[in-house]
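Asker: The task is simple: from the sequences and hints, build the whole structure.
Those protein sequences? They're chains Z and H, same order as listed.
Numbers 58 to 608, taken from the numbering used here, label the letters of the first sequence in order.
Numbers 115 to 797, taken from the numbering used here, label the letters of the second sequence in order.
Calculated from the structure, these hints are not laboratory results.
The reader is advised that the hints may include incorrect statements.
To be verified - Here are some chain H residues pointing at chain Z (derived, C-beta under 8 Å):
#1 Leu751
#2 Gly754
#3 Ser757
#4 Thr760
#5 Thr766
#6 Arg767
#7 Ser769
#8 Leu778
#9 Met781
#10 Leu792
#11 Ile794
Predicted, not measured: the structure shown is a model, and the values here were computed from it.
Where is the CB? At the ideal position from N, CA and C, for every residue including glycine.
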Amino acid sequence: MILAQAPGSASGMLPTPDVAWSSFAPELVLVVAALLLLMFAITEGRQLLVAIPTGLLAGAAGVWLVTQGRVAPGAVAIALGAATVAIVVGVGERPPLVQAFTAGAAALGALVLSFWQYVAVMAPDGGTATASTLLGGSVAMDGISLFTRITVYLTTLLVIPIGYGYLQDRGVDRPEFEPLLLLSATGMALLGAAADLITLFIALEILSIALYILCGFARRDRRSQESGLKYFLTGSVASAILLYGMALLYVSTGTLDLGAIGTALGLVTTSERVAVLGLALVTAGIGFKIALVPFHLWTPDVYQGAPTNVTAFMAAATKAAGFAAVLRLYLLAFGRLEDLWVPIVAGLAAVTMIYGAVVALVQRDVKRILAFSSIAHAGYATIGVVANSDAGLSGTLWYLLTYAVTTLAAFGCVVAIERRRRGEVALVDLRGLGRTSPALAGILTLALLSLAGIPPTAGFAGKLVVFQAGIAAGFEWLVVIGVVSSVIAAFFYLRLMGMMFLEDPVEGTEVPVVSTGVSFGVAIAAALVIYLGVQPGVLLTLADNAAVLAR
Amino acid sequence: MTNLLLAAESGGHAANQVVETTSGAIGLAYLVPLVPLVGFALVLLLGRRLRERSAFLATGMAAVSFLLSVAILFQVIGDPAAHVRPLFTWIGAGDLQITYDLYIDQLTAVMLLVVTGVGTLVHVYSYGYMYGDERFERFFAYLNLFLFSMLVLVLGANFLTLFLGWELVGLSSYLLIGFWFEKREYAAAAKKAFITNRVGDVSFMVAMFVIFNLFGSLAFTDVLPEAGSVLSGGQATLIALLLMGGAAAKSAQIPLYVWLPDAMAGPTPVSALIHAATMVTAGVYLMVRASSFLVLSLEAMTIVAWTGALTALLAAVIAIRQDDIKKILAYSTVSQLGYMFIGVGTGGFSEGIFHLVTHAFFKGLLFLAAGSVMHAMANRTDIWKMGGLRKVMPITFWTSLVAWLAISAIPPFSGFFSKDQILTAAYENGFTAVWALGIFVAVLTAFYMSRWFFLTFLGEPRWTAGEPIADDHGGGGSHVPGDDPTGDAPSSQDAHVTHLHPHESPASMTVPLVVLGVLSLLGGALNLTHHGPFYSWLEPVVASTEEVGFAEHGALTEPMLIVISVVAGLLGIGLAYLAYVRRSLRGVHPEVVRGPIAELAERKFYVDELYQAIFVRFGRRVADGMVWFDRTVVDGLVNGVGSLSTSTARVTRRSQTGFARGYLASMAVGAIVLIAVLLIQVR
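Answerer: What follows is the structure in structure tokens.
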């Protein structure tokens, strides 16, 4: 296959399995980086002992790849190997910085490799991508996997600098944070690529278990403990329900492959009742991950309690991965049952949009407000799923990317504010922020405008595409509800802005800490919010080209 | 060769060839508006530092513009064609491609000269008139801005760029009329001018929509030559009348003339600039530019002609009973613009433009002379409190004499030729009633202008030197003595002391008077006979009227028409002489025009009150209704939605108990409901 160079098999020697390395090259980078970071943690003080061999190995592998004609991945491997050594040599006396830089480099490498996958493997001739399943049909290479990777890795890349100083301030900058983050990102990317039920479930567990720990990472903080525990309890139940649903699907169709399930569900020999039971349970289980009402109740508590950088990561990346699984499941596996699931998911989307917007009105905590806003946004993204079309598919993928950069900018600002407040950020804490730190308030305003869907921000471009897809598919009523929900939501976004700019600062309020890391992450996110809003063309075309499903 | 062919096609009517020109003076034509714009910016930025030197800067900019215009005129004379100077694409959106081009033909050249020429003179004059005003620099900045706006207007190569200048003129006229905005009624006058013009703008815009809809383009070169083949009669009438609506606002025609008399609130040079040379000519320019539409519809032309005639009549009647030195001139402007519209409406396009040019000379002169008088009389404006100024200010007197005879259409002054040719065109194209009305208005014109002249300059002084005066000047706090920190104020400064000492104005004011006086005297030489050189010069620009289908004209020959209009002018002057000079010789100074109609005229036929009642009060009612609707219905709805959402939220948030067991229960219930719904459907 793509990278399967098996020279021995022709000459009758031991059969070598075909492994399409290219299909999970970015994840490979992340896993290696996670292991490397753990090694760093163990060998504290003698990190060069680990860094030099790793660097040499990576360099050698890179050179080999280049000689094989795989120039881009080879270059990435060499660069990462060199970067590892350089980082340890450069900032070796500050271990947290080594961790952050290494993890960031790995995320960047994974992002580059994701684009390489598109350019070299999916669409070597440019234009529309071709989809394929690899590794015995368990991993897909298509638009969903591509966009999920882009969103997840971009989020990882930005969340690392945003959270660096924050974790130090809270005294929880332990070395396992970055490995867990990278593993979670790996799980998310795999979830986006999973083409059978087993891979899907395993990917879901990889990302979830890492996140359970991350949510409770500030272990001396009761709210963080509560967050981790609640997420774990409810998440395990959701996993159990999902697993049960998958089992029922296997019972009715006799296959684990999503495409094959889709084909089998149309056959008369398939027991529809069992299949429908499976559909219902899978909907409940996956609805938990993307926080659709009524499976959403964990979201505000978990988002509020978790360290804010973890919250940002969850809101931006987990949502994208969860929706990737939803798109693949519903469009591919449940394609023949569309008469059954489309109205139900549409109903869930409607309730979710309204609920998220309305309940946010009476919240006082900024993180909680953003949590409810993320629920409402899950509803908007679901419109693209319900549209059940290529336009809906690319619309949802695009929407998730725009939401990710927007919510990163918003949470990044909250991180900066929270670093002084040590804990909660209440609505009143924003008072007069426009006067005390205008740049931060400006960026937060931009992010809020984008969340509200005001042009020329990314949020507007995202909503526009999803709503268009919804209308094209005949879901005018759903789009109307979406617009009404946006109007209601605009109220509390505007109230936040009003707090910042129209009210006087409270006496003795400390100015938020804006460190280099936070400024870096937030500035890039804000720039992307504007760029995607003003020039949506480039990535939107990519989303359109990538609207192919691996069947 | 092509020219000949075109001429043959249009039945002997020579049409302009369209040429793209980027060389010579026309290649630099963009500098004509740009230079005053730069002046505006510089004076605005550096005004505080430049102080009165900013007048030299602004005047210099205007003069450069004028010299460029002269160069352009010579190039157009050498190569008579419709020159298009492409600059850049302004708006590109699908089918709508608007390029920013300059369009320079014979008509443009004439307009450029009038605008920059009179404009430059007004700049020079303003140095003396505005000296000592606390916003002296800003006045010159605005003058430059006004010039820029007007030049954008006349140079536009399509309706949209013309409209851009049109709007800019509206803005800058607002700034200038309300220059002394400290006085409430002056600010109100500026607002009135702006709003009245907006009404016309809407009409113009609709006209543009229709044109774009029918032609798919707004460029003159695409639209005007095709007008005859594309449009049906009804469409042509519609477009012509919509354009007329826009022109009626800028050029002060019934029913939108009301802003012009109030616009006297601005400093007097502004009146000269706006009401003689620039703004009010924009409407006439537009109508002549769009003559291709007019000639397709006799109905539209008839309406334009009658609008002009009635405006001329109404304004002339009102002018007879005005006592304000500037108000009389304002109404006379409205009346003269009516003549120009008579020209346009009766097919005398070139004649209309000719009158525009001579009117710019003599009306500019009249306003500047009035300003000079006000300057001398400490801003007194009531002509009944003047008289005998002939000896005190000889230059102003002699130049005013020229202007008075010109506007009264006495040969050989310029006004005679242009006005007579308009009326001749009207008569020859079968508008006998309009012609008769025009002759009657000519009598009235000569009468009220003579009244203005006699009461101001002749007779015994009705003032005493040294009498204490209340400064009824508009500028609150402006023209305060000692305002000038340098201390070497020119003689104009002593006009603003509290005792009356009439005197001749400084040279910066009298030189423009003399220049305009010469032009008013000799301007007629441009076109001494009806189809003279000016007529043939403009002929390729304006549409041929051969296809219109005018009615047969009466039996009078051209010499007889000339005699009639000369007699009309002399009659008016003679009546005024009897009424105001002979009687004042006997020491009696009552108003001779009396009776109910005169009272009506003095009250301006209650048009302002009527508009107030109809539009303002009605508008206020509607606005009150809207406010009520907004407060109760819209706000109520919004607040209702808001409180509904909040109360819903208060209930729903209770689901957020904080207990994981509750969350799990919700999931379980949700899953069960899903199963139930799905199973019911598949059964």
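Asker: Please go over all the hints and tell whether each is borne out by the structure.
Answerer: Taking the hints in turn, this is what the structure says about them:
Taken as an interface hint, H:Leu751 does not check out: its beta carbon lies about 12 Å from the nearest beta carbon of chain Z, beyond 8 Å. Using the Cβ-Cβ criterion of 8 Å, the hint placing H:Gly754 at the interface with chain Z is not satisfied: the shortest such distance is roughly 13 Å. The beta carbon of H:Ser757 is not positioned within 8 Å of any beta carbon in chain Z (closest approach about 10 Å), and the interface hint is therefore violated. Here the hint on H:Thr760 is kept, as its CB sits about 5 Å from the closest CB of chain Z, short of 8 Å.
Checking H:Thr766 against chain Z by beta carbon gives a least distance of about 5 Å; that is within 8 Å, so the hint holds. Look at H:Arg767: its Cβ gets to within about 5 Å of chain Z, closer than 8 Å, so that hint holds up. The criterion of a C-beta within 8 Å of any C-beta in chain Z is met by H:Ser769, whose closest approach is roughly 7 Å, and the hint holds. Because the closest C-beta pair between H:Leu778 and chain Z is about 6 Å apart, less than 8 Å, the hint holds.
Here the hint on H:Met781 is kept, as its CB sits about 5 Å from the closest CB of chain Z, short of 8 Å. Annotation: interface hint on H:Leu792 holds; nearest CB of chain Z at approximately 5 Å, less than 8 Å. Violation of the interface hint for H:Ile794 is found here, the shortest Cβ-Cβ separation to chain Z being roughly 10 Å, above the 8 Å cut-off.
Violation of the numbered hints given earlier is confined to hints 1, 2, 3 and 11; the remaining hints are satisfied by the structure.
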